[in-house]
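Work the whole structure out from these sequences, hints included.
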Amino acid sequence: MGGAVHEVEPIRLSTLTTLRTGGAPERMLEASTTAELVDALTDVWSRGEDWLVLGGGSNLFVGDEPFEGTVIRILTQGIEELSSPHEGRVRLRVQAGHGWDDLVAYAVEHGYAGLEAMSGIPGTVGASPVQNIGAYGQEIQETLVEVELIDEATGEISVVPAAELGLGFRTSVLKHHYGGVPQRRAVILSVTVDLVVASERVVRGEQLRRALGLDSDAPVPLTWVRERILATRASKGMLLDEHDPDTHGVGSFFQNAIVPEIVARSLPPECPRWPVTPDLDAVTVIPLASYDGFVSAVKPEAPDVKVSAAWLIEQAGIRKGFKLPRSRASVSTKHALALTNRGGATAAEVSELARFIQSRVHSEFGLVLQPEPVLLGVEL
Numbered sequence: 001m002g003g004a005v006h007e008v009e010p011i012r013l014s015t016l017t018t019l020r021t022g023g024a025p026e027r028m029l030e031a032s033t034t035a036e037l038v039d040a041l042t043d044v045w046s047r048g049e050d051w052l053v054l055g056g057g058s059n060l061f062v063g064d065e066p067f068e069g070t071v072i073r074i075l076t077q078g079i080e081e082l083s084s085p086h087e088g089r090v091r092l093r094v095q096a097g098h099g100w101d102d103l104v105a106y107a108v109e110h111g112y113a114g115l116e117a118m119s120g121i122p123g124t125v126g127a128s129p130v131q132n133i134g135a136y137g138q139e140i141q142e143t144l145v146e147v148e149l150i151d152e153a154t155g156e157i158s159v160v161p162a163a164e165l166g167l168g169f170r171t172s173v174l175k176h177h178y179g180g181v182p183q184r185r186a187v188i189l190s191v192t193v194d195l196v197v198a199s200e201r202v203v204r205g206e207q208l209r210r211a212l213g214l215d216s217d218a219p220v221p222l223t224w225v226r227e228r229i230l231a232t233r234a235s236k237g238m239l240l241d242e243h244d245p246d247t248h249g250v251g252s253f254f255q256n257a258i259v260p261e262i263v264a265r266s267l268p269p270e271c272p273r274w275p276v277t278p279d280l281d282a283v284t285v286i287p288l289a290s291y292d293g294f295v296s297a298v299k300p301e302a303p304d305v306k307v308s309a310a311w312l313i314e315q316a317g318i319r320k321g322f323k324l325p326r327s328r329a330s331v332s333t334k335h336a337l338a339l340t341n342r343g344g345a346t347a348a349e350v351s352e353l354a355r356f357i358q359s360r361v362h363s364e365f366g367l368v369l370q371p372e373p374v375l376l377g378v379e380l
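The sequence shown runs 1 to 380 under full-length UniProt numbering.
Treat each hint with caution, since some may be false.
To be verified - Simulated crosslink set (SDA-like; lysine to any residue; CA at most 25 Å straight-line): (1) LYS320 with VAL368; (2) LYS236 with LEU16; (3) LYS306 with ARG319.
Calculated from the structure, these hints are not laboratory results.
This is the structure in structure tokens:
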């Protein structure tokens with residue numbers, strides 16, 4: 001593709017991540033075009049080095065020791081409008097380094113519906129399918145068509161349908177899970193979403209309707225939805241603000257817990273919960289050789305339930321603004337689910353606070369909260 005490898009002086013990761021922890025890597029590359037990104041990855045992989053791709057740094061918790069490897073900063077930009085095979089819809093192909101909220105703003109401004117509830121989520125477009133980002137009941141998997149990616153094992157570039165990414169609650173086959181490795185080691189180059197051409201919409205989801213304070217089924221403008229979501233996120237310290245320490249974190253540090261219905265019933269009734277929608281279009285495959293003309297009835301299963309991690313944390317005695325003695329890390333003063341760096345906090349201090357919260361919730365409710373960000377050189 002003809003891009004050049006652009007090596008720069010390594011920058012401390014504490015200045016490039018929203019949680020503000022981490023030292024400088026051994027080596028740092030920057031890629032402003034797809035060609036540069038492909039060449040940078042190819043160069044790193046040929047050396048057999050440890051590597052990390054870095055977008056907005058908003059979902060990354062980095063340890064205190066310097067990263068012994070190469071960090072590649074993805075700075076690619078651009079939105080391309082494409083025709084959709086579905087009437088009344090449009091497709092947007094977006095470069096991996098493009099800001100996620102910039103994409104949402106573009107979609108809302110042009111009257112394209114499907115992303116507006118995810119307004120204000122920090123980070124880049126390329127990271128969005130890896131985490132299957134979502135907010136207020138809306139997730140990117142609802143509009144994601146495909147991604148263009150490059151595989152580490154082969155160096156080949158391919159277009160992969162969303163159905164092959166193993167998208168689930170805040171997960172995919174590309175995600176580095178805590179204590180594990182991704183099922184597929186690859187880097188996203190671009191993302192394509194399919195959106196409804198409409199400047200207003202009827203809001204259906206319970207979580208989003210509650211957040212917006214809606215009690216009717218009348219259509220509402222996308223611009224209004226975006227404004228309300230941004231205001232709500234700001235009130236919770238979930239919009240990045242240089243002057244607000246409550247935003248110096250990774251957003252929600254812990255995932256809302258997904259539990260079987262029987263477990264949810266054991267929690268206090270006032271614990272907020274939402275059903276995880278079952279697959280109503282599940283396909284049963286029966287080998288032709290064994291088909292006898294009858295298909296057994298599918299046994300209905302109770303859907304899993306998503307319960308509020310923030311509620312569990314507060315009911316375990318961890319209040320907003322809580323911090324351990326002499327620590328510079330604390331729970332946000334606005335939202336119990338966010339752990340924040342109040343100024344100069346080390347990764348060890350953040351980890352200590354996270355472990356304390358996990359132990360309190362487990363002691364009270366028997367549930368182990370899982371971290372949402374990618375952990376690099378740090379353990380909980």
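LYS236 and LEU16 were given as a pair; does the straight-line alpha-carbon distance stay at or below 25 Å?
holds, 22 Å
Within a Cα-Cα threshold of 25 Å, do LYS320 and VAL368 meet the stated pairing?
Roughly 20 Å separates the two Cα atoms, so the pair holds.
Restraint check for LYS306 with ARG319, where alpha carbons must lie at most 25 Å apart:
holds, 21 Å
Of the numbered hints given earlier, the model fails none.
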